[in-house]
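So the sequence lines, in the order shown, correspond to chains H and V. Mapping of the first sequence onto numbering that gives the first Met the number 0: residues 0 to 199, in sequence order. Mapping of the second sequence onto numbering that gives the first Met the number 0: residues 0 to 112, in sequence order.
Hint data in this document are derived by calculation from the structure and do not stem from the laboratory. Every residue gets a Cβ at the ideal spot worked out from N, C-alpha and C, and that includes glycine. Please note: incorrect hints may appear among the correct ones.
[Unchecked claim] Examples of chain H residues toward chain V, derived with CB under 10 Å: (1) D29; (2) R71; (3) Q188.
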Amino acid sequence: MLTKNQIQFTDRYLEQSGIKYMDIRYEMTDHVATALENKEGDFYENFRAYMVQHKQELLKSNRYFKKLALKRAFDILKDNLTKPAFWIIALIIFILGYIANQFNTPGQDIINNLEMISMILPMLINLYFLHYWLFKKDVHSVLMKLLLFMYFGAFVFRIPKMVHNANYLIAYYALYISFYMLLVQSVWQLNQQYKLRYND
Amino acid sequence: MSKNSSLYKGSLNTIIMKLLEENGRMYGYEITQKVKAITAGELNITEGALYPALHKLEADGILTAEVERVDNRIRKYYRLTEAGEKETINRLTELEEFIRNMQNLVKPRFSLE
């Protein structure tokens, strides 16, 4: 059986070799560790010899895994768009926004309020993303892809102010806010699953 | 995989599913060693072939995974889902037909002349 230090050495080596996501790295660490436990002799010599022979294959696994994580993140995004909850929430926000717009008074522009909400939600997500990226020791693949999408999506999907029709703008913000609310829920659920799985 | 990998490539998923059907749950390294033992070293599944196959099968709902803390590290075990068990039967039937057809195609014809 390898010692804790030897396991940590293996894990750190794989991380520095580019296997950043913990869900694949834990599996690779176990694979390498089990292979080395079956060898006699000095751990570091065996480790070096093993990596000369197998490192490219481990990195190949990692490349495929990252593509699969991206696909799974997109599947989550796609599923959110087909959930009844997405359309129900968007409809509720639109109806409320439409009604409020009928009673617009100077200084209480509902569209500006909706725009503010649509900025605050991604801002909170961006803060979480930065915290996750900078401070979290173990980064999970699908979660990271989702957060990355949400981080950049907040900039890419900002509709420029060339749409002047109030109802179209309210509909856009209703869909935007509903989509981000469901994404936040998906990120939270995914995070809980990983904590449960990896005792994080 | 070994030098005749093109022959085995299309069967890797079926091999994994068959092993899991027989053994309940297994982890990656265990699968490679089992295959090596059964084929007397003839077939060596590399990490670059095995783990993409396992992760794809998991993403497709054929396998499910569970993790356990073992000997100072986390180990990921795979087992067949209900859908995976049904799919295994289909794939094995397909493979048996394939082998039968190949045998008919490549077996030498005996001549009475």
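Structure-based check of each hint:
Given hint, D29 of chain H at the interface with chain V, holds; its Cβ is 5 Å from that chain's nearest Cβ, closer than 10 Å. For R71 of chain H, the interface hint holds, since its Cβ comes within 10 Å of a Cβ in chain V; the closest pair sits about 6 Å apart. A cut of 10 Å between beta carbons decides the hint on Q188 of chain H: the least distance to chain V is about 17 Å, and the hint is violated.
In summary, the one numbered hint that this structure violates is 3.
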